[in-house]
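J.: One-letter residues, chain by chain:
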Amino acid sequence: MTTFTASELMTVHAARLLRDGDVVFVGVGLPNLACNLARRTHAPNLVMIYEAGVIGARPSRLPLSIGDPTLVTRATSVCSMYDIFTLYLQRGNVDVGFLGGAQIDRFGNINATVIGDYNHPKVRLPGSGGSMEIAGWANRCYIITPHQKRRFPEKVDFATSAGFLNGRAAREASGVRGGGPQAVVTNLGFLEPDESGELVLTAVHPGVTVEEVQANTGWPLKAAANLRVTEPPGEEELRLLRELDPQNIYLK
Amino acid sequence: MTTFTASELMTVHAARLLRDGDVVFVGVGLPNLACNLARRTHAPNLVMIYEAGVIGARPSRLPLSIGDPTLVTRATSVCSMYDIFTLYLQRGNVDVGFLGGAQIDRFGNINATVIGDYNHPKVRLPGSGGSMEIAGWANRCYIITPHQKRRFPEKVDFATSAGFLNGRAAREASGVRGGGPQAVVTNLGFLEPDESGELVLTAVHPGVTVEEVQANTGWPLKAAANLRVTEPPGEEELRLLRELDPQNIYLK
Amino acid sequence: MSKLCTLKEAIAQHVHDGDCVYAAGFTHLIPFAAGHEIIRQGRKDLTLARATPDLIYDQMVAAGCAKKVIYSYIGNPGVGSLRIIRTELEAGRLEFEEYSHFGMISRLQAGAAGLPFMPMNQTAATALEQANPLYRRVTDPYSGREVVVVPALNPDVAIIHVQRCDERGNAHIWGILGEQKEAAFAAKRVILTAEEIVPEEVIRSDPNRTLIPEFVVSAVCHVPYCSHPSYTQGYYDRDNDFYLEWDKISETPESVQAWLQEWVYGITDREAYWQKVGAETHKRLSVPPLYAAPVNYGEY
Amino acid sequence: MSKLCTLKEAIAQHVHDGDCVYAAGFTHLIPFAAGHEIIRQGRKDLTLARATPDLIYDQMVAAGCAKKVIYSYIGNPGVGSLRIIRTELEAGRLEFEEYSHFGMISRLQAGAAGLPFMPMNQTAATALEQANPLYRRVTDPYSGREVVVVPALNPDVAIIHVQRCDERGNAHIWGILGEQKEAAFAAKRVILTAEEIVPEEVIRSDPNRTLIPEFVVSAVCHVPYCSHPSYTQGYYDRDNDFYLEWDKISETPESVQAWLQEWVYGITDREAYWQKVGAETHKRLSVPPLYAAPVNYGEY
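Chains as they are written, first to last, in the numbering used here: chain E, 1 to 252; chain V, 1 to 252; chain L, 1 to 300; chain G, 1 to 300.
What the hints contain is simulated information worked out from the structure, not anything from laboratory work.
Incorrect hints may have been included.
As the list claims (entries may be wrong) - No more than 35 Å apart at the CA atoms, straight line, and that leaves these computed lysine-lysine pairs for DSBU-like:
hint	chain 1	residue 1	chain 2	residue 2
1	V	Lys252	L	Lys248
2	L	Lys248	V	Lys122
3	L	Lys283	V	Lys122
4	G	Lys68	E	Lys252
5	G	Lys68	E	Lys122
6	L	Lys44	V	Lys252
7	G	Lys248	E	Lys149
8	L	Lys44	V	Lys122
Stated by the list, open to error - Pair ranges (Cβ atoms, derived):
hint	chain 1	residue 1	chain 2	residue 2	range
9	G	Ala258	E	Arg239	42 to 48 Å
10	G	Glu90	E	Lys222	33 to 39 Å
11	V	Ser196	L	Gln41	57 to 63 Å
12	E	Ala6	L	Arg145	53 to 59 Å
13	L	Glu299	G	Lys248	27 to 33 Å
14	E	Ala6	G	Glu262	39 to 45 Å
15	E	Lys122	L	His16	35 to 41 Å
16	E	Asp20	G	Arg145	50 to 56 Å
17	L	Arg145	E	Ala170	30 to 36 Å
18	E	Asp117	L	Ser143	30 to 36 Å
19	E	Gly234	L	Ser286	20 to 26 Å
20	G	Pro288	E	Ala170	21 to 27 Å
Said to hold, decoys possible - Here are some chain E residues the structure puts well away from chain G; computed CB gaps all over 12 Å:
hint	residue
21	Ser174
22	Leu227
23	Gly234
Quick reminder that beta carbons are idealized off the backbone N, C-alpha and C, glycines included.
Just chain E, with the same shape it has in the complex (with noise of 0.2 Å):
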């Protein structure tokens, strides 16, 4: 049977959340894995960018930083961050973005500010960099993270990007263009937005009990009730994707 880490397998599945043609915002690590895989498998025509202002990106070696020369070397475009924020991400060019933080909340929102209070905070983390804007504007959000209790509080600390904020209603009024989170990928399953922007546990990976996930879930985590089992990383997926990180930086 076919072995592999949860980084391995949040990887796989985020990949194929991609579709060809898709543009993509994306970061260091595992977006950036899953964007390759995505370009070598079923979106060969999926075009990356980096909030650098690194344009259809083609890495030759690993990215290990947002600015790596290897993400400029060969690709299709470079412009100025402030043409990046602009040109690409508020004018509505970018379809897909990659979402991370430290917290994320029961409607999707996201902290990578502070914990606890932003003048007196407990820690405090990196901040927004892009993702406030990416998180308002991108057409579509993917969120990959580890699921455990204290990264899915019911509400986070501090809300550095817009999820659903307390429910689509709140978004749409806000009239920001993008359409806000559509999958939390974890090492547990899939989490969506229904109806009300409130996340909800739409697929388990195999093996993985509906309890187990919320155990590690800091909100009373509803089911679809059209809960799938994913299917498994492939062979060839993980072939793929493991000749993208050799050294297995990132999924290991």
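Chains V, L and G: place on chain E using the hints.
T.: Coordinates of chains V, L and G only, in the frame set by chain E:
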């Protein structure tokens, strides 16, 4: 005795107004010739910039339009039109602007838009182009124009770009950054703003009388107490100038 | 995915009666061939937006394509007036919206950036602001002072001429950039015309030179000499003689219609046009090469 | 007029205690050598503005140069946390102003453009907007909806590393552009550091590559390898090993001070630093050349 045309006379005098190191927003025609003359005489470090987005042009032939490719080849920099109006002009990086128009009034306001009423004009002129912002934001502005009564009405039909409005106080109240028109160079002499912002006669060319200038001006023209007589174009200035327009396109 | 097609196909598919068209190019890279194809296909009621309408819009107005112009300078660059547009405006037969260059390009920048408006500092001149109700004011919340604003312009279609692009529409542009990038991002559809269609590898060898990416482009057309009588930096010179000649041609409706008949309606495409222009003019407008210093991106 | 001087002279003349400094470079072209020289010269009470403080500001904060940071992402890129800045912020010993990347770059764009503020569309997230009173709102006069605005940032001095420039300060930049151009135009003074000082003719051979013109530049310094452990596209690679190592060094104040002693205070300039880095690292970070396709401007 050296002879010269009215255009040569005005161009030589305009060139003398430029200082070494000035960054000048240039148009084609006489301002371009004046700048190139200044660069070959007393202002070798003059930087010529064009609204087409060209900085530090070194034209090897007489440019026949503002977008002539000879302005680009060997230039220091080329940027977008948005950048030239923001980073260069609005930011305050332009020392001198040259302006022209169909009418210049008592307070140095310029009309480049319509003769008559805006919506039912007798004549529709080309319009502002870059001049509204040049007049507002260049540190110093100069106007080169033949001296004719119809070109110097008491009040312009339409104030495309601002001189001193109805007096210096009005311009200052607008908070605009540029210093406004510093001199109007004509074939008869110089008009310069007094403390109130009104254009007064400060110099006449040799052989020109105050009465002659008044007869060609549409308002009761004040003459400065210390009215000067200008120094005629020198042989070397004329020789260099004529080299710049060998086919006599602008200087005739 | 290749977007290559003929200019005839691109205009037929992407330019419709009543559209707002931005044929970009500030004094450089003006897509004359596309303007002529629009005339041949008999488009009507277009809103023609351009900072400088130049001869291309004078010709399109003469051919009856336009209902309105949006502009900041209506002149024949380096020559004088645009007689046809001016006459139509003075006669009240053509609608118009007028800006300064900065107002015009700020409208495109807002449209390209996905913003509802762009702010501009006051210029002290207020006549045009009062004449055009789309100029508005907003209070700077930091100083309490007012700035002037213009709304986003998002043309239905932009037509952009470039030196070279790949068949997907990733385009290298150099020389005067004007509003090429802003128009491409602001428009709903983009037709690229190119002097050369090059392999993707040429584009990817110099990503900083790529101002327009494939995914804002609808159609890619290989149209050498597209810009004549304007020019393409590094490819051919501006034909100033024609700019002077147009000043005479445009003196009477008869000579304009005769010119359109001979050079637009009577011609199938730009290749036929360029052959008709003739060898003497080809030679007069040819330019010796002068290359940029090498740039090393590094094999990372 | 040549503005060539040593980096030591440039920092002495243009960076003063209490200044707001923008050492530019979004993940690329980070002017580490200039940060080290500021540390050596013992500057105090600086406001350090950068979208991503990166190791350079962690080191400057460790050396006691800073009273405040303005930032949008405080991380060790690709590694994790910036331990020193984070500790100082959590302890309340360092003032700060926080934005998103777009808010930060919009502040610089407004500063560069000579505008009092820049508008941004709402993101639905309002927590940071409420936490930082310099975020404000303005009503779009066309739709009646609100946009979020940030005020212009005009640093006292920007430090910009470039691949090549002439001795007057006209600079070619390629690869990731980040906020190099915006910082240069926004700042009151600009110190350029360059991998190569080239003749004016090299710059003028490719004017579209020139992002910074001489007349916004105060000083030009020839500083090869200025960006190590970051990189300069086409010249050397990023030293990821050092980024990982810093994560360990910065675990204790003692190891940080020892590192500063050995690599900053104990070193005269970047040349000495680069020699000390050693041949093995030079080799590891070297990059085979890969050139851009030729570009023909034409001999007009």
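J.: Taking the hints in turn, state whether each one holds.
T.: Going through the hints against the structure:
{"no.": "1", "hint": "V:Lys252 to L:Lys248", "in the structure": "holds (21 Å)"}
{"no.": "2", "hint": "L:Lys248 to V:Lys122", "in the structure": "holds (22 Å)"}
{"no.": "3", "hint": "L:Lys283 to V:Lys122", "in the structure": "violated (43 Å)"}
{"no.": "4", "hint": "G:Lys68 to E:Lys252", "in the structure": "violated (38 Å)"}
{"no.": "5", "hint": "G:Lys68 to E:Lys122", "in the structure": "holds (20 Å)"}
{"no.": "6", "hint": "L:Lys44 to V:Lys252", "in the structure": "violated (43 Å)"}
{"no.": "7", "hint": "G:Lys248 to E:Lys149", "in the structure": "holds (29 Å)"}
{"no.": "8", "hint": "L:Lys44 to V:Lys122", "in the structure": "holds (28 Å)"}
{"no.": "9", "hint": "G:Ala258 to E:Arg239: 42 to 48 Å", "in the structure": "holds (45 Å)"}
{"no.": "10", "hint": "G:Glu90 to E:Lys222: 33 to 39 Å", "in the structure": "holds (37 Å)"}
{"no.": "11", "hint": "V:Ser196 to L:Gln41: 57 to 63 Å", "in the structure": "holds (59 Å)"}
{"no.": "12", "hint": "E:Ala6 to L:Arg145: 53 to 59 Å", "in the structure": "holds (56 Å)"}
{"no.": "13", "hint": "L:Glu299 to G:Lys248: 27 to 33 Å", "in the structure": "holds (31 Å)"}
{"no.": "14", "hint": "E:Ala6 to G:Glu262: 39 to 45 Å", "in the structure": "holds (40 Å)"}
{"no.": "15", "hint": "E:Lys122 to L:His16: 35 to 41 Å", "in the structure": "violated (59 Å)"}
{"no.": "16", "hint": "E:Asp20 to G:Arg145: 50 to 56 Å", "in the structure": "violated (35 Å)"}
{"no.": "17", "hint": "L:Arg145 to E:Ala170: 30 to 36 Å", "in the structure": "holds (34 Å)"}
{"no.": "18", "hint": "E:Asp117 to L:Ser143: 30 to 36 Å", "in the structure": "holds (32 Å)"}
{"no.": "19", "hint": "E:Gly234 to L:Ser286: 20 to 26 Å", "in the structure": "violated (58 Å)"}
{"no.": "20", "hint": "G:Pro288 to E:Ala170: 21 to 27 Å", "in the structure": "violated (53 Å)"}
{"no.": "21", "hint": "Ser174", "in the structure": "violated (4 Å)"}
{"no.": "22", "hint": "Leu227", "in the structure": "holds (29 Å)"}
{"no.": "23", "hint": "Gly234", "in the structure": "holds (29 Å)"}
Violation of the numbered hints given earlier is confined to hints 3, 4, 6, 15, 16, 19, 20, 21; the remaining hints are satisfied by the structure.
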